[in-house]
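Engineer: We have chain A; now place chain B onto it with these hints.
Listed in order, the protein sequences are those of chains A and B.
Heads up: the first sequence begins at 12 in our numbering, then just goes up one per residue.
Heads up: the second sequence begins at 73 in our numbering, then just goes up one per residue.
These are computed hints drawn from the structure, not numbers from a lab.
This structure is a prediction, so every number in the text was calculated from the model and none was measured.
The reader is advised that the hints may include incorrect statements.
Covered stretches of chain B, going by a simulated chain A footprint (3 or more residues, C-beta under 8 angstroms) [stated by the list, open to error]:
#1 82 to 90
#2 236 to 249
#3 270 to 284
#4 455 to 464
Ideal Cβ positions, reconstructed from N, Cα and C, are used throughout, including at glycine.
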Amino acid sequence: MAELVKASKPFRFYTRLHLTELTGLRAAGLVQLVRLLKSVPGGSIYYHTHRFLQQHQYLSPEPPNDFAYWVREILGDEELGERLASIDIIQYSTIRSLREKIIETIEEYLEERPESKVRFPREGGEFHFKKSVSFILPTPYVSYDLGEFVEILKRITIDSIYFHIFEARLRLEKKTNDFSNWIENSVGNRELALSIARLDPYVYTMEDLRHTITDMIEKEIR
Amino acid sequence: MARIDDYIPIVGGSVVEDLRLIASRLMGKRILNVNSTAVGGGVAEILNRMVPLLRELGLDVRWDVIRGGEEYFDVTKKFHNALHGGRVDIGEKDFEIFMETSRRNLEEMDTSSDIVFIHDPQPIVLVRKRAGNKWIWRCHIDLSNPKQRVWRFLKEFVVQYDAAVFSAPAFSRKLPIRQFLIAPSIDPLSDKNRELPQEVIDGVLNKYGIPKDKPIITQISRFDRLKDPLGVIATYRLVKKRIDCRLLLAGGTATDDPEGQKVFEEVMESANRDPDIHILSMSQNDLEINALQRASTVIIQKSLKEGFGLTVSEALWKSKPVVASNVGGIPLQIKHKHSGLLCYSAEGAAFAVKQFLSSPEYARKIGENGREHAKNNFLITRHVRDYLLLFLSLYHRQNIVHL
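This is chain A alone, in the form it adopts within the complex (with noise of 0.2 angstroms):
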């Protein structure tokens, strides 16, 4: 094994646990659900693109977001759950520009297919809007080479993994996931920065993840 190079700053790991808030909005159609989408806060943007991450994460392919399920499986609009659900969220680097897309999205199909905005759920089906509440607590986890912080990458909770890809591009607005930023800057290794910045998560299972990044490091550090 090379001799491992020591990072000019330490990786601290953390861990982001959310508890879902419910708003008392509610849509009982396509015009409804995009006039909504124009008004809840950002952190129900996230939690209905996000949460079928977390919950289904065993899931593979991974199930689209909440919308693209909803219109597809409650409305039964196939096409526009097809479109719905191939929006690559990966393109998007800030809530605003997600929820953009999506408007876009429904608003130009209502336009192509304007018999669909008279498509209602049954009762007791309308979608909910709901938000998260992100607690983020750093662990006791800290690393000074890429050698440790594979170890602790193959023990750390699903929810910290979650974090340092998901939340902090997407949420907190970082350019890129927190793994490639220290592995660039603080152990200087653009090369496989790049390699784990390229991913796409959002096609991964949260286990595959791991497994595929630990693998890209340890390749590295073999």
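Structural biologist: Coordinates of chain B only, in the frame set by chain A:
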């Protein structure tokens, strides 16, 4: 009683580490739970298991019970039924009885804790004693379609709380206070859910005379119209036309409930002495229910209305393929075609059961997904974590909280 580290082999050490980490931010906080009974009912069941775990995590947690006479509990039962949308005859006298007992509890109970956690409507009036501390109202009831007279009366008190907690989004109401979504949970170490050796399962089947020669379709529920046992028999008959199977209907006897007895008789009549239909009217026996669930090939929960429907999570936890109605909290537990199959009718349920029985590999995969889903979302460790976060949220109003 289980200790927190006993859950490590099930959920992993890091999940328990996180619980300790969050609990450390609440050290020194005194928390008082109040409900209406120490034994019996889902709320007491969960508090009995939850309170020791919270204490072990270092929180100063107490649990107190309000006092009331028979007349008072008759009124609260009426309230309960009215909140579920049932037709109930409620008069001024009922509200007076409720307030009179509430006033006595107000005088007697010490509510000086930092956080007062009130469960369900019975102790709701205690919030009048709030004095600079934090108050939470935990509603375990389906409030999606309440009778307005009772809801308006209770709402006067609800709005005085800092936060309300509901089990499903459809149960929440328009309120000027924060509302959180926290699902109930099952305990994987309880008699109802722990792993069982095959000989225990076989022993229970023998005891009730259920042969293992055919696939077994099961619904575990008390004999109640809202659980639609006649619909389950109709489902079984539709399946039976194509695939030979047995039906097992097991649930508590309701000797104090004339309606329950009537439903039981109707079920017996509908079964018409079919030797492949096994109807078990059993007293509370968690271990036997566990064994019957584990012996089943497919589990059904064909309710017409449901609070949360934790029997679904119990079945998912046992890796069983589940067919359940899309009502109440059930869709939170089952994502159609991912962790089970949802249905709206006996025909739909029968179609789903046949899919599972004729494709064992598909049934196995859905069952595995269901177990993972239950593990991640409906075990008591997740419930403890949500309650800890709920307590913390009372001191932080932001959407992103750095601790």
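Engineer: If a hint holds in the structure, say so; if it does not, say that too.
Structural biologist: So, going through the hints one by one against the coordinates:
{"no.": "1", "hint": "82 to 90", "in the structure": "holds (count 6)"}
{"no.": "2", "hint": "236 to 249", "in the structure": "holds (count 7)"}
{"no.": "3", "hint": "270 to 284", "in the structure": "violated (count 0)"}
{"no.": "4", "hint": "455 to 464", "in the structure": "holds (count 5)"}
Violated hint: 3 only; the structure is consistent with all others.
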